[in-house]
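**Q** Now for the letters of each chain:
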Amino acid sequence: MSSKQPNHPSLLTVRNLNKSFGTFRALRDVDLDVKHGEFVCFLGPSGCGKTTLLRAIAGLDLQDGGTIHLGGRDVTRAPPSERDFGIVFQSYALFPNLTVAKNVGYGLVNRRMPSRDIAKRVAELLAMVGLPEQGDKFPIQLSGGQQQRVALARALATSPGLLLLDEPLSALDAKVRVRLRDEIRALQQRLGVTTIMVTHDQEEALAMADRIVVMNQGVIEQVGTPEEIYRRPETPFVADFVGHMTFLDAVVTGPNSVRVGALDLIVAEPSAAAIGTAVRLAMRPEEVRTRSITLDTPNRFEARIGELSFLGSFCRARLEPVGSSGTSIAADFSANAMRDLSITAGETLPVAFPPEALRVFQEVGR
Amino acid sequence: MSTAVQRVSVATSSFAEKRLVVGERHVAGALIIALCLVLVLIIALPLWALLSKSLESSDGHFVGLANFVTYATTPTLVSSLFNSLTIASITTVIVIPLAFFYAYALRRSCIPWKGAFYAAALVPVFAPSLLSGLALIYVFGNQGLLKSWMMGAPLYGPIGIVVAESLYAFPHAVLILVTALALSDGRLREAAEALGTTRRRMFWTITLPGARYGLISAGFVVFTLVITDFGIPKVIGGQFSVLATDAYRQVVGQQNFPMGAVVGIILLVPAVVAYFVDRAVQRRQTALLSARAVPYVPQPERKRDLALLTLAMAIGGTIIAIYGTAVWGSFVRYWPYNLSLTLKNYDFSAVEPSGWEPYWTSLQLAFLTATIGTALIFTGAYLIEKLKFFPVLRGFAQFLAMLPMAVPGLVLGLGYVFFFNASWNPLGLFYGTLTILVVNTIAHFYTVGHITALTSLKQIDREFETVSASLQVPFWSTFRRVTVPICLPAILDIAVYIFVNALTTVSAVIFLYGADTKLASIAIVHMDEAGAVASAAGMATVIMLTAISVKLLHLFLDRMVLGRLQRWRYR
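Chains A and B supply the protein sequences, listed in that same order.
Quick note on UniProt numbering: the first sequence kicks off at 1 and runs consecutively.
Quick note on UniProt numbering: the second sequence kicks off at 1 and runs consecutively.
Read the hints as simulated data drawn from the structure, not as lab findings.
Do not take every clue at face value.
The calculated label-pair distances, taken between Cβ atoms and stated as ranges, are [said to hold, decoys possible]:
#1 A:Val178 to B:Leu552: 50 to 60 Å
#2 A:Asp173 to B:Phe556: 38 to 48 Å
#3 B:Thr205 to A:Glu286: 48 to 58 Å
#4 B:Arg567 to A:Phe247: 53 to 63 Å
#5 A:Glu124 to B:Thr435: 53 to 63 Å
#6 A:Gly65 to B:Val69: 54 to 64 Å
#7 A:Val178 to B:Arg559: 42 to 52 Å
#8 A:Thr23 to B:Ala30: 32 to 42 Å
#9 B:Thr455 to A:Gln141: 20 to 30 Å
#10 B:Glu193 to A:Glu307: 56 to 66 Å
Values in this document were obtained by computation on a predicted structure and should not be read as measured data.
Even glycine gets a Cβ: it sits at the ideal position worked out from N, Cα and C.
Please construct the entire structure, taking both the sequences and the accompanying hints into account.
**A** Encoded structure:
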């Protein structure tokens, strides 16, 4: 699997990539390395440059500046046909007038492969994506999820070194999306094919990727494993975009402490900011602790429960620390906690912020 | 997974890659350059020849605007300009309201026999424009059945031209307005009804504003068609001269090329204005209707439907009756004294030296133009729309492809005369041959075919070329295996459109035919000039029936054959 070409440390190397559309800068000095066999997701809001980056890698829209190396070869100026990749689009882009089997074998026919070998390979690929014996149907006769599997099989048919997925799941129903996302991930791991997927859906990125590249306004904000991105966001943007986050205005009071309104809080990670600096404190709603709180629990305070929104398996509450009115903190309570602690709007209860769950961001670029 | 298979195909892929890359860019470049050259040759150079000719004296010296000054100071020429503007304006004012209510009846009412009314309105499209003139001669002419209705006024002249042009231009206006009225948001009417709006107010505040771009567009199309039409003023204009007949007289009659060029450029003005108005209107029209609009479905309403049915029957009936009279007249022994039927008028050799030959030449022209033209237009549109190489050249080709829309056939014909007759031009040897007629007719009808092709190409997923490139399949394979099969209905549309127009057109080819390449539509003009109106009507009838048959064959092919070939369109 990952035994392919160990002499190149990374399959894809992007350096200093820039691209503008008129006055709009879609990519600014983007650097990126993708290792062999890796599944990388480009994640960001629409217009962040993730699709532009993917299309530059594919050679579909040429960049204004920078270099791209693929498999140790400089492909900066190469047309798509000279780069070694397969691609799947949100729209499936299946040829409607060709059968499923002909779609999958489309790239094989051109390689002077004997038709018996093509048929064998097509059958193999269709079995691989879970559509055996559907080869004679036309795309229109398949569901959206099935069509996307065919598109995947077609992209993999020529065994490309790199698989590019451009929002492949966005056109599908929620249920199908979850199932297909697990299947794509399993297939990718089985084949070991290096894959880049563009998505705006953070859940998708967190569930599928080995590494996530979070982008905003043409810049890479952070590259990391899903765990790193979620637990240790490096910028307020990443913190805000991935998962939910409460931001509080705070002042540094020591190397490991900050003050929010009347609350003095301990922060596990030492901050470099000088005492007295205004910072932003970030906290995930699900990290607000309500159980087994004693007087020794750090960052413990009394909070009044404001609005409650029912969200199915959990409730999101607005908490207001007693004595610091105007500060509002989001907290998620499981259905269990709601029942056990009989949480109702207007009540007060003791809560705590675990010091290791608090992140401090310097107030730059706000 | 079978790693062995993977390895092997990776190896072959890099081999195939090298072989193909050299090819693809070069082929694309060669094709786009070839397309540009062809378009320059068949569109740009003839127009340039026309422009430069208008600035030259008869012996070829540059004289600036002197010819235009001469034109403006020659009363007979200026009066033609005035005549043309008057005729075109009156016709537009007559046709647009009639066409609007006709289209309204077809789209927004519950009248029966809509298909038949639609077909009736389209009949004039399938005949040479001058058939409506010939038909009027049968009905209202000196020997006309209803001559008394003219109350002594002469048919030959402005009255005849306006009526005949109205018949000829009517279907073009109806087609545009039917499309414009199809674009309507049913929710607007529902909202208005919920607010208790009266029908009259709904018409003025919703229906008419919704169709206003269509009305503007139709108005300009009718005006341009009429002002540039040659056939009708030729057969029914009498001594009343208009721009189009002036151009013919200057070039063919007096061999005064520079003055012909000046008239051509004057004719170019309304067409160019119409072209830009239409483009501006198109841009707004699309913004008018959101993707989420709910189409309006008319509900039966007795009074309105009855009124519209009466109107539709009157107009549709008139068209059928007038064209029918021409067809009938072509079979009559001696109109109107001996109405017994005969085929003698169809023995064209009695009045026209080349007999039936022009008909076969026309068929040949239509066939060659349709096949070669469709191949050129569709391939050109594909190169322009789908390839990513050479954006500047593609933009240039797109500009040239849209140009013929703004150039009336008569003007293009003049351009061809000047270009291919120039002493320096080695291509002059094609003058008078079928080749030049085919090339000219392709250029004449290029834009409509081009737009049809572009529309159908734009509906295809724009990622097909990308997917193919990623699979290292060159674009021409995808063109052959995917694009052409998907666009087959549009390709047929283009071919039939060109075929029908090549059969019926007079204006451009009247300057270009040779002794061996006289076309049916030109033979009609000649037979009419020779006073053989019945034979002229006979030839026009044959042309019309041929064009209608081709259209019916097209409908049949579309339904039956394509339905089976294109199984993939249906679940």
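**Q** If a hint holds in the structure, say so; if it does not, say that too.
**A** Here is how each hint holds up against the structure:
Take Val178 (chain A) and Leu552 (chain B): their Cβ atoms lie about 53 Å apart, and the range 50 to 60 Å holds. One distance hint, 38 to 48 Å for the beta-carbon pair Asp173 (chain A) and Phe556 (chain B), holds here, with the actual separation near 41 Å. Hint check: Thr205 (chain B) to Glu286 (chain A), Cβ distance near 55 Å, so the stated range 48 to 58 Å holds. At roughly 58 Å, the beta carbons of Arg567 (chain B) and Phe247 (chain A) sit within the given window of 53 to 63 Å.
At roughly 54 Å, the beta-carbon separation of Glu124 (chain A) and Thr435 (chain B) lies within the given 53 to 63 Å, and the hint holds. Roughly 57 Å separates the CB atoms of Gly65 (chain A) and Val69 (chain B), a value that falls within the hinted 54 to 64 Å. Between Val178 (chain A) and Arg559 (chain B) the Cβ separation comes to about 43 Å, which falls inside the hinted range of 42 to 52 Å. About 36 Å separates the C-beta atoms of Thr23 (chain A) and Ala30 (chain B), a value consistent with the hinted range of 32 to 42 Å.
Thr455 (chain B) and Gln141 (chain A) have their C-beta atoms about 26 Å apart, which keeps the hinted 20 to 30 Å range intact. At roughly 41 Å, the beta carbons of Glu193 (chain B) and Glu307 (chain A) sit outside the given window of 56 to 66 Å.
The earlier numbered hint that this structure contradicts is number 10, and it is the only one.
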